[in-house]
Amino acid sequence: METEILARIQFAFTVAFHYIYPPLSIGIGLIMVIMEGLYLKTGNKHYEVLTRFWLKIFAITFGIGVATGIIMEFEFGTNWAVYSRYVGDIFGSALAAEGLFAFGLESAFLGVLIFGWNRVSPKVHFISAIGVFLGSMFSAVWIIVANSWQQTPAGYHIVGEGFNARAEVTDFWAMVFNPSSVDRIIHVWQGAFLAGAFLVLSVHAYYLLKGRYIEISKKAFKIALGVATVISLTQLVSGHSSADGVAENQPAKLAAMEGHYEPSAPADLYLFGWVDNQTQEVTGIKVPGGLSFLVHQDFEEPVTGLNAFPEEDRPSQVNAVFQFYHIMISIGMFLIGLTLYASYLWWKGTLFDKKWLLRIFAFSVLLPQIANQVGWFAAEMGRQPWIVYGHLRTNEGFSQEVSSNQILFSLILFLVVYTLLFLLFMYSLNKKIKQGPYDEAKNALEII
Amino acid sequence: METFLGIDYPTLWYLVVGLLFSGYAILEGFDYGAGAWHLFFKKDLSRRIAINAIGPLWDANQVWLIIGGGALFAGFPVMYATMLSAMYIPFMLFLMLLVLRSAAIKFRSAEEMKWWRKTWDVIYFISNILIAFLLGVVLGNILQGFEIGENFSYQGGIFFSFLNPYAIMVGLTTLSIFMTQGAIFLLLKTEGRLHARLTFLLKKGMIFFILSFAFTSFYTLIYLPGVTDNFKANPVFFILPILAFLAVANVPRLVSKKKYAPALVFSSLTMAFLLMLVAFQLYPVLLPSTIDPVHSVTIYNAASSQKSLGIMLTIVLIGAPLLAGYFLFLYKTFHGKVKLDDTSY
Numbered sequence: 001m002e003t004e005i006l007a008r009i010q011f012a013f014t015v016a017f018h019y020i021y022p023p024l025s026i027g028i029g030l031i032m033v034i035m036e037g038l039y040l041k042t043g044n045k046h047y048e049v050l051t052r053f054w055l056k057i058f059a060i061t062f063g064i065g066v067a068t069g070i071i072m073e074f075e076f077g078t079n080w081a082v083y084s085r086y087v088g089d090i091f092g093s094a095l096a097a098e099g100l101f102a103f104g105l106e107s108a109f110l111g112v113l114i115f116g117w118n119r120v121s122p123k124v125h126f127i128s129a130i131g132v133f134l135g136s137m138f139s140a141v142w143i144i145v146a147n148s149w150q151q152t153p154a155g156y157h158i159v160g161e162g163f164n165a166r167a168e169v170t171d172f173w174a175m176v177f178n179p180s181s182v183d184r185i186i187h188v189w190q191g192a193f194l195a196g197a198f199l200v201l202s203v204h205a206y207y208l209l210k211g212r213y214i215e216i217s218k219k220a221f222k223i224a225l226g227v228a229t230v231i232s233l234t235q236l237v238s239g240h241s242s243a244d245g246v247a248e249n250q251p252a253k254l255a256a257m258e259g260h261y262e263p264s265a266p267a268d269l270y271l272f273g274w275v276d277n278q279t280q281e282v283t284g285i286k287v288p289g290g291l292s293f294l295v296h297q298d299f300e301e302p303v304t305g306l307n308a309f310p311e312e313d314r315p316s317q318v319n320a321v322f323q324f325y326h327i328m329i330s331i332g333m334f335l336i337g338l339t340l341y342a343s344y345l346w347w348k349g350t351l352f353d354k355k356w357l358l359r360i361f362a363f364s365v366l367l368p369q370i371a372n373q374v375g376w377f378a379a380e381m382g383r384q385p386w387i388v389y390g391h392l393r394t395n396e397g398f399s400q401e402v403s404s405n406q407i408l409f410s411l412i413l414f415l416v417v418y419t420l421l422f423l424l425f426m427y428s429l430n431k432k433i434k435q436g437p438y439d440e441a442k443n444a445l446e447i448i
Numbered sequence: 001m002e003t004f005l006g007i008d009y010p011t012l013w014y015l016v017v018g019l020l021f022s023g024y025a026i027l028e029g030f031d032y033g034a035g036a037w038h039l040f041f042k043k044d045l046s047r048r049i050a051i052n053a054i055g056p057l058w059d060a061n062q063v064w065l066i067i068g069g070g071a072l073f074a075g076f077p078v079m080y081a082t083m084l085s086a087m088y089i090p091f092m093l094f095l096m097l098l099v100l101r102s103a104a105i106k107f108r109s110a111e112e113m114k115w116w117r118k119t120w121d122v123i124y125f126i127s128n129i130l131i132a133f134l135l136g137v138v139l140g141n142i143l144q145g146f147e148i149g150e151n152f153s154y155q156g157g158i159f160f161s162f163l164n165p166y167a168i169m170v171g172l173t174t175l176s177i178f179m180t181q182g183a184i185f186l187l188l189k190t191e192g193r194l195h196a197r198l199t200f201l202l203k204k205g206m207i208f209f210i211l212s213f214a215f216t217s218f219y220t221l222i223y224l225p226g227v228t229d230n231f232k233a234n235p236v237f238f239i240l241p242i243l244a245f246l247a248v249a250n251v252p253r254l255v256s257k258k259k260y261a262p263a264l265v266f267s268s269l270t271m272a273f274l275l276m277l278v279a280f281q282l283y284p285v286l287l288p289s290t291i292d293p294v295h296s297v298t299i300y301n302a303a304s305s306q307k308s309l310g311i312m313l314t315i316v317l318i319g320a321p322l323l324a325g326y327f328l329f330l331y332k333t334f335h336g337k338v339k340l341d342d343t344s345y
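The listed protein sequences correspond, in order, to chains A and B. Numbering of the first sequence is given in my numbering, commencing with residue 1 and proceeding in unit increments. Numbering of the second sequence is given in my numbering, commencing with residue 1 and proceeding in unit increments.
It is worth saying that the hints were derived from the structure and are not from the lab. Just so you know, even glycine gets a beta-carbon here, dropped at the ideal spot from N, CA and C. Check the hints yourself; a few may be wrong.
[What the hints assert, rightly or not] Quick partial rundown of chain B residues pointing at chain A, CB under 7 Å, derived from the structure:
#, residue
1, Asp59
2, Ile66
3, Gly70
4, Phe73
5, Pro77
6, Val78
7, Tyr80
8, Ser85
9, Phe91
10, Lys106
11, Phe107
12, Ser109
13, Ser305
14, Leu313
15, Leu317
16, Gly319
[To be verified] Label pairs and their calculated CB-CB ranges:
#, chain 1, residue 1, chain 2, residue 2, range
17, A, Gly162, B, Gln144, 25 to 35 Å
18, B, Ile207, A, Gly162, 52 to 62 Å
19, B, Ala324, A, Gly284, 49 to 59 Å
20, B, Phe160, A, Asn164, 25 to 35 Å
21, B, Arg253, A, Asn164, 31 to 41 Å
22, A, Ala16, B, Glu150, 30 to 40 Å
23, B, Phe159, A, Gly162, 24 to 34 Å
24, B, Asn230, A, Tyr427, 48 to 58 Å
25, B, Leu15, A, Tyr427, 44 to 54 Å
26, B, Val236, A, Tyr427, 52 to 62 Å
Go ahead and model the full structure; you've got the sequences and the hints to work with.
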């Protein structure tokens, strides 16, 4: 038991830490490609300055993403040996494809992107930027496919029994396009775009508030606002589609997300609330029958509740899943409101007049990050007690031969090293922002 | 069992994994090797040049580890799971050092302060040495075999048993060959006094390599039973040790003629031949069991299904030319001596 808990804590910690960075680099990557594209198209030096500036931040983010990602790749084997043997046949092809198609693409072009300004033509540099950006998007694809397969297995059969049981691929495309893959890939991509766009919004809002780099900051702000507005809205669509999939394929998870216990009854939709797993009651503000409406377009239609499942087959941390899910939704709604309002002001031509709005944007960078994190916590905790939904339990998946002392040792190492890494990241991010896109004193005339 | 060109799928995948790890050893060999010399360079500028010699390349080179690890997980999940969980401590140390090394490369030159750069220099130096050493240690343990019982359960010691004499010897040999590789690579990338210093260091590196290599080879032949069985059964493969020996011998000759690019090729070939030697000696076993050979992990009992291997081989056939193309483009772009500019580390 202790080993299992420690292995879970370590995995949660390392993967949550990892997940700060790749979404950020996918999102910054998109904005950067737009900036460099605009530079090539218009020849406007402002866009070149912006591209170079965001590339520096991209490089740091990307680097930490890779470093912490390698750890994830091997942590399946070190801490989840039973699970690795069980899913190897399924994950295998996805991982092989990820490595060859995605990582190869992004890291080879990354060198040219970062160090190649003086060695290749602007066009080749732009192609490298696109290569890195596409590579980072692809690498999200394969890992989400693998995780989605754990949520909604498809295209496989189980071979062997007991310890030697394992899943084998019977239909590759059915495995890749398992029922939740597409929804979740889109949801993750868009979450990543938002993370990047809001970092750009935040930094340039800060410059505008300080009265620095005004011309280029307005340009960057508009690019990022355009992305953020569109994606906030489409994220709502993808979230809804994703939830429909959960309702169909993982009813216990959906029930936990809304704290719905009755085995078969109309289900409510909470704006916020608190779940008591003992009394099976939820206190909060709700839309009666709201969940039924979202799932079946009918307020009266019953929705499967947690009690329809034996206690050992459903998530035990119902309140946690509920809270994480609702935090994600609330942030999503807030971002829609914020970006729509800002876009309205943009259209009216008064976008940069309201200081308080810029101040909100300066702090808003944290919101998509939090939403990305809690969204994953809801998805993964809602899948419990299964590591592979319906087939393999989390408490059967960990490495039996690894002792709790070993994990404690590595967990402490991770805590130390990752704290250091996080401090370094924040320090250098802060320094790059403070330094700004160019030296104002020297280059002011040349640039503006 | 399905075959392609008369070779069964698990064997083909064994070749793929072997190729990927050879690529990793050759490419990251010069990265880690260059780093293992770091504190031998005294001036700050020399250290910066040494880091920027691998600057645009190391992230891409590291992809070979990622793909190799993925290929192992994909094709031989049992091997991946058993080896990583049994070698928990060395792998965790290895991973943590990789993170520290990446941080050192990225952050070292970000500040001017002396203490800052010195601290990162030490972290960088030590992590490169230990990474190379630990890779060899794991290889040494694999060659000796693990205490594997029924159902691939590891029954050996858990904290320090990986540090046995033989593993340490293989670890030192790995470090020495990486250092040789790294010094040759840096010779290609540097000029002036740093270049002169490296010619001197490379000689020491080669002596270190030849001594540890000879020592480890004799130890293997004398104390590791059965290592020559596969060779006795297929004497034609005795060509591998001969080729390895010729490649080793060619390195100092080329270096003395200042032909560094061919020297790098031959030291890379040395690694490739040595890894082939190991691969052939083990085949078809991946991880020998010291408890009972029936419990050994082999390419057949560790492999994914035929269908999965077939899909993955297709992916490799499509992906390998792409990967080769990316790398050609990258190495062509950064051909030549290091020139520091405002984008350098």
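Give me the numbers of the hints this structure contradicts, sorted from smallest to largest.
12, 14, 15 and 21
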